[in-house]
Structures are given as C-alpha cells and as structure tokens.
Amino acid sequence: MEWEVVIGLETHTQLKTNTKIFSGASVKYGAEPNTQACEVSLALPGVLPVLNRQAVECAIKFGLAINAHIAPRSVFARKNYFYPDLPKGYQISQFELPVVGKGAVTIQVPAVGKNAAYEKVVNITRAHLEEDAGKSVHGAVEGMSGIDLNRAGTPLLEIVTEPDMRSAAEAVAYAKKLHELVQWIDICDGNMQEGSFRCDVNVSVRPKGSEKLGTRREIKNLNSFKFMTQAIEYETRWQIETLEDGGTIHQATVLFNPDTGETRAMRSKEEANDYRYFPDPDLLPLVISEADKARVLVNMPELPEAMKARFEVQYGLSTYDANALTTSRDLANYFVETTNFGVDAKQAANWVMGSVAAKLNAEDKAIVDSPISAQQLAQLLKRISDNTISNNAAKQVFEAMWNSEGEVDAIIAAKGLKQESDSGAIEVIIDEVLAANAAMVEEFKAGKEKAFNALVGQAMKASKGKANPTQVNDILKKKLSA
Amino acid sequence: MINSSLKQFGELLQTKKISSVELTQTFLNRITQHNPSINAYIALDEAKTLAQARVADTRIAAGNAAPLTGIPIAQKDIFCAMGWKTTCGSKMLANFVAPYDAHVITQFDNAGAVNLGKTNMDEFAMGSSNETSYFGGVKNPWSFDRVPGGSSGGSAAAVAARLCAAATGTDTGGSIRQPASLCGFTGLKPTYGVVSRFGMIAFASSLDQAGPMAKSAEDCALMMNVMAGFDERDSTSLNREKEDYTRNLNLPLQGLKIGLPKEFFAEGLDAGVGKIIEAAIAEYKKLGATIIDISLPNTSLSIPVYYVLAPAEASSNLSRYDGVRYGHRAAEYTDLMDMYNKSRAEGFGAEVKRRILIGTYVLSAGYYDAYYLKAQQIRRLIAQDFVEAFKKCDVIMGPAAPSTAFKAGEKVDDPVAMYLQDIYTISTNLAGLPGMSVPAGFSDGLPVGLQIIGNYFDEARMLNVAHQYQQVTDWHTAMPELALSKEVK
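Quick note, the sequences are listed as chains A and B, same order. Per my numbering, the first sequence starts with residue 1, numbered consecutively. Per my numbering, the second sequence starts with residue 1001, numbered consecutively.
FYI, nobody ran anything at the bench for these hints, they're computed from the structure. Treat the numbers as computed from the prediction; the structure is a model and nothing was measured.
Calculated pairs, DSS-like style, for lysine-lysine (alpha carbon to alpha carbon, straight line, at most 30 Å):
| no. | chain 1 | residue 1 | chain 2 | residue 2 |
| --- | --- | --- | --- | --- |
| 1 | B | K1374 | A | K79 |
| 2 | A | K16 | A | K120 |
| 3 | B | K1091 | A | K79 |
| 4 | B | K1091 | A | K135 |
| 5 | B | K1353 | A | K135 |
| 6 | B | K1353 | A | K79 |
Looking at chain A on its own, in the form it has when it is part of the complex:
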C-alpha cells in the first residue's frame, strides 16, 4: 500500500518585548535563576496580570503579515494544570477566541532528488497570545529539583497550521519560512538554541487517496530544522510500519531523542489533563480597533512577497533569483546595498547567491556576520566590469577578502592579478602559442572546435591567467581565420 503522511505544526514564537506579557519583569535570556521573577512571576497571593501592549502589537503584525483575520475582540483564558514550573497552577492563554484567525503562508519546497522544487500554500488556523512557563532545574542542588521562574510569563505567540503538509521537506520548508517571517517583521529573534522558536509537529499517516485523517502523534519541542526532518522521517516510518504490522496508532505526545534519532511516547492523551479552560476574570477581553491595526501597519516593513515582486521588476531578476534574495531580510538588504554602490543587479545577485551564500553556508554564518561588506563586494564587482580583473581572479580576491587580507585594490596589486588588456602584448603571446602548437592549429582547421578552446587555454596559461579572456578569444579567432 502507498501511504501519505499528513503534518500540521504548532509553533511557539517568543515575542521580542522588553518585559513579560503580564508583568514588568525583564525577559532577557541567561540571567541568574529567579532574578527576573517579580511578584507576578512568582504568583504571590494577591498579584494580578496586566497585559503588555507590545506583545499585542507583535500579534497584530503577524496577523497582517499572513493576511489573517485579526479579532476585534479576543479573550484570555486560563489553562489549569499543576506543574512546579507553572507558578499560578494555570497558564494564561487564549482558547475559544484567539487574537489572530485564519491566514496563509506561501512556502518554497526545495528540489529533493528527482522531485523538482515547487511552491505551496500552507493555511494558518490561528495564532494566539500566551505566557511561557518557568523551567525545572535538575542537579543544581544535590538530590533536589529546582525551579527557575525567569522564563515564566515570557510572551509567546503560538501559531497553528492546518494539517496541510505532506512531507518532512514541506514541514521544514514551512518552519523555515515562518522562522524567517517572524524575524523579518521583527517580532521574534528566531534564536532556536535559546528556545525563542520551538515547533510541535503533529504527524499522522493514511493510505494514499484516503480523505480520512489518521490518528496523530505530536512530536514536542523541536528546536532545529535538522532534528525536525529526522523526527518526522522516523515518526512517519514508525507509524507506517506499525500499521503494516497490524498495529494501531494511539494519540500521544512524543519526544525526539537526537542521540538515537528516535521518537518515543511521553504520555498518552487518554491520561492527559482536563485543562478546565475558562475566561480569565482578571483580564478584560482584548479589543483591537481599526486604528490599532493602522498604527501597526505604518511600522510594517515591506514583506518578502512584495519585495520579491519588486526585485523582479526593479532589477530585472528572475523569479528564482528574486525568491532566493528575499529568503531573509538581512540578505535582501545586503543585496540592495551592494547594488546601491552602482553595480549591475544581475551580477550582484549572482555573487550574493553564489560565492557569498556558499561561504556563509560552509561556515554556518549569517549574512550580517559576513566579513565582506556590501560596499567591499560592490568594489570587487566594479573591478570585474572595468576589466581590471577576470572573473577567475575575482574569485581569488574574494577568498582573500573573506580572510580579511585587505581591500580589493590592495589585494589585486599584492597578488598581481591585474589582467592584461594590451592587445599588442596579447598578440605576442598568441603568436608564440600558435607557433608552439601547430598540431592543434591543424586540428582546428580540420573542423575540430575543441582545439580552439585548448588554444585559448594555452594562451591564458602563457599569460599566467592575466590576459583578458575576451581579447584572447577575439585575437585568436582573427588569427586562425586569416
């Protein structure tokens, strides 16, 4: 039987606010345990929550970015359960009436094997505001469990998709797109190691062609795209094998173990809590007016889709190039800055997506950490277009610049990479090459086109790579046809 995997994601994005969602305590990461736990974070008797409007603005921004319905009135509810890191015994979240309703995100699924790349729309069910819990700390005190409430009350936007994804590649493409988007609109720092962006993935399988959804298992707290791929692939295989062996899937929450590459059930849903949701009487319904939305809209950056379309028109880029350059706001900025120094957009695009991207990838760096600034790259590209250096030489200069060996012109001079564009000098070299390779000249004359390239190669070699290749071509052609 052929199987189909069905995937939906719930993503917790930590919002970029100065203070907690319901108190004035700081949300800075990495402070000494419990030094950022105020009376509200500690849930002392008598304390009350006060909503942080900055968190609401983040939610509105996200809603606008995915073209979603933003609720004019949404309600905070209490999710009741006991856990040591949950100081109030309930989490303030949104249940029946979330702040952001239905929306959509367009993802680019990269080519895998013989499958070509494609675009797909993932529907967003909802996004709601809620507070994070604290952390249990084991081992800090011998034989005891400790509680760190610094994180308790940190604002989160939980973004929930429809079960629209059909492969690990699609799920990861969505997660990456969302990860980029929340950083693009500046509502989340995207730091996955620090837990600013965490994904829960719901996975089920069904016979291909079936309309009915299979029973899902939820993989909790994936904090890297690599683990997400591994976890989904393992979970999918496990579910298919279980069903093919005549077993049944039980709804469950599972954890992914990066060491073994396996998923394992944490608790089954039957024994799960009855959360007893009800509207929080300490908070008024959240009201968002058209004016509130308009205020946020004014501060919205140009969104990736709009920027992509603009790049195609303004710079004459292909859809593919425009897409690639708008995968992150920093990358797009870098590209735009490069072209602002007066270099050809297509050439800039090729270098940004080519050499620059490859280097960043290899060194696992972000574009903002690139040792070569947009201005330096522009300078390099200018030296190509004014024929000072060849493309090949430019690659060497780029390498040197990346290693911080200096500015473009200094490197060209130091390495002697300035190309020979004096046609008299090139003619002398070519004459020598023709004389020394009479056999090749004969082959060419006999119709072997390849021999021409070999002669160009010889000429370049003789010039130690410095001859302007276009001129070499032209002069060689002229001499051979004479």
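Chain A is already provided as a structure; the job is to place chain B on it using the hints.
Leaving out everything else, chain B in the frame of chain A:
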C-alpha cells in the same frame, strides 16, 4: 472617646488634643483586653503600629495631615501588607509574610492612617460566620455565643467592639454587608472595579470587591475617599475621575424613590428583621421618600449561580497554593504528586476544599456548558433585573441578611443553610452593583441592618441616603455593653 466618628478623631488629632501614638495606644490597650475573648485580630505588631503612629504625629506637626492621618484602622487579613503576616485565615498561609503592599494598604499608608493589625476572616473569604478561619471563630460583640457573620468577621467584631476606629473588608457575596448587619455598623461594598484588587488575595476575581466597614455613612465616605481610585496594576480597575464621597452627604432626601423588591420580603425572612426594615422604610417616608414596589424576578437564582461561578474561579485562583514556592508544604512526601496532595489536604480547611471540588467539577470537560456557561447567562439576566428596576427607582432597599446573628455552630454542618445567609446580598455582586448595610435597630437585642443597593457608581448617593437616616436615628452609635463596660481610659 472611642465611640467618636472618624471626623471627630481627625479633629482631636489635628487640634493636638491627642496624639496618634496616644490614640493608637488606647486602641491597642482595648485590643489587649478584649481580643483574647473576641478573637477579632489574627496578627498584631505593636512596634510596627506605633512606628506608623509616630510618623503620623510628625506629619500632623508639620501641618500636612490628611483626614485620616493618625487614625488607627484595622485591615482584613486578605490584604498583603509588607512585613506583615498575611494569612487569609488559612493554615496554607499561616507563616506567609507579604513582601509587598496591596493597593488598599498603600492608599491608607499615603493617607497617613495607622495599620492597627490584621483581622480574622473566614478561610480565603469563604464563609458567612467566620467559623472556617484556621485561627478560630470570632465572637459577636453583642452576644458572645453568636457569630459576627462573615467572611469579614474579624473586621466586623473589631468595628462593633470599638477595637479600631474603622476597618476594611471585602465582599464577594455579602462579606461586608452581612457581618455589618449582624454586628450593627455601616458597611459598603462599592461598584465592582472602584477599589483596586491588587494585593487583595483572590477568592472569586469577578466578584471580589473591597470596601469600608465603619460606624457611620460619613465614616464610610471618608474611607472611600482613601480606598477608591484607578490602579493600573488591576486590569479590572475602572479609570474614572477621583470623586469626593462626602460631597452629597447633606443633600435632602425629598423626592427620593425607593424600590422595594417583593422577593426580598418573601419566605425565609425572619419576622423580627422584617419589622425593623419596615420601620426603617417608614422613617424614609418621613424624610420625603416615596416607595415603589419592584421585582427582581431572578433573585432565587442568585445563590445557585453564585455557587457555580465563585467556586469555579476559586478552584483556579487557589491552585497557586501548591507548597512549591511559599505557604504550607507537607513535612513528608514520596514524590511530586504526593507533595501536592498532602500539602493541599493539610493546608486547606473543609469549606475551601468543598468549593475547590465544586469549582473543578463545574469547569470539567462535559459539564462546563451545563454549569459554568449557563450560570454566566443567568448572571446577565440577574444584572438585567437591576437595570429594569433602576428605571423605576433611585435606590433599592431591603434586609441585608435574612436573620440576626445566629449561634456559633448552628449552621456549620449545613452548608446550604449557611449559603442562604447571602440571599439578599449575592445578586448585587453578580451584577457588579454597590450595596451597603446600615444599622436599623435591634431584634431581641441583636442588630439588624438595612440594605441599600444603588446603581453603578452611585456610592455618593447611597452614602447620602444612609447619612440622612443616621441624622434622625442613632442605631449606628449603639455600642455593645461589653465593650463599654471594659473601656480603658
């Protein structure tokens, strides 16, 4: 002297006839003498209290005293007060020392009032007799074998026995008005949102409201001037212009329309109490008021609705008492679940547990719609009853409690009978309306309170209505014999 009004205390202090230290010491002496038998106070701290009195004297000397500067006020033990043990009447918080001040406490501090001590109360404000307190019951100063009412029973007994100049209380279903009725003084529950709940330990958040408990309407007005006002730390606090609650006290009542809901005079009302309320109404007629018969048809539903909604909120509000960060933790336990179970089993009393169970049940999957949601719908109907009623009248009057103070132990084993104590008060909490109880006489030697219910934000009008009555009656100045006989000079 101890029977003086707040205004009189203020005059004595500001004309330097007495110092705040002397006045405070007088009350502390009375407390030393009478509290062991009455048990109105849970926590006393003479050093702290007198230090505040000395600060007040300096302020008075400097000539920038406010009306309540130097006056000793008792605080219900539901308000967090920095450095004070704040127990909420529970074993769970028996050793909890608050590290911050409730808004109400800050307001009294700013006014220069002196915190005389923390008063006894039903555990987490759940009760109508003060018998659920972990720190023992409170005697009704008018008759020691009777309860003072609840949940603000300690504040009530302290005001009635003149163990303070005035006190604070909180009212979730009648916890200011019912004890005011049973102990014979004036108590006001303001419109929901008028007094900040910040630092006030939550029982049922959508119903809880703090208010003054004092001898007269005038005293309550002066207390309201301190307690009321917007506080951004409470999201349900209302951002309204500051008002002077004494401004209308002296207006005549000519033309006042008083609504009498027939449901408040039906079966269940003690005959003696009924007679006194009728006499009070007659007095109002003499003052120029007209009487209008009205109906609040959903009154009988207020108790069942309340006992779904209040426990639902309480079950969640009390989840934070888990033994993890503060409060009672069992001495021995095997694992986390055992620690939770034992700590909560040991830390909470029977009534609190009963309400947590009810609340957990009505919020459970499968029952939520039938109980919680339905109760919310009826709550709106109850509020609508009042909207209709206030189209016909200016204030509504009736009894504050169905009977006079009952004997200690009489209703402890019958929760439903106990819950019926709040039959006339609960609907105003559900509607968010202000209500007061004003002393109106005695039935068999026990005080009876007249309830005055006003429209939203009509506190100043209600205080005027009560004050005018207190100009022609003297029920509010009556003191229990016991307190008089043992006065310390």
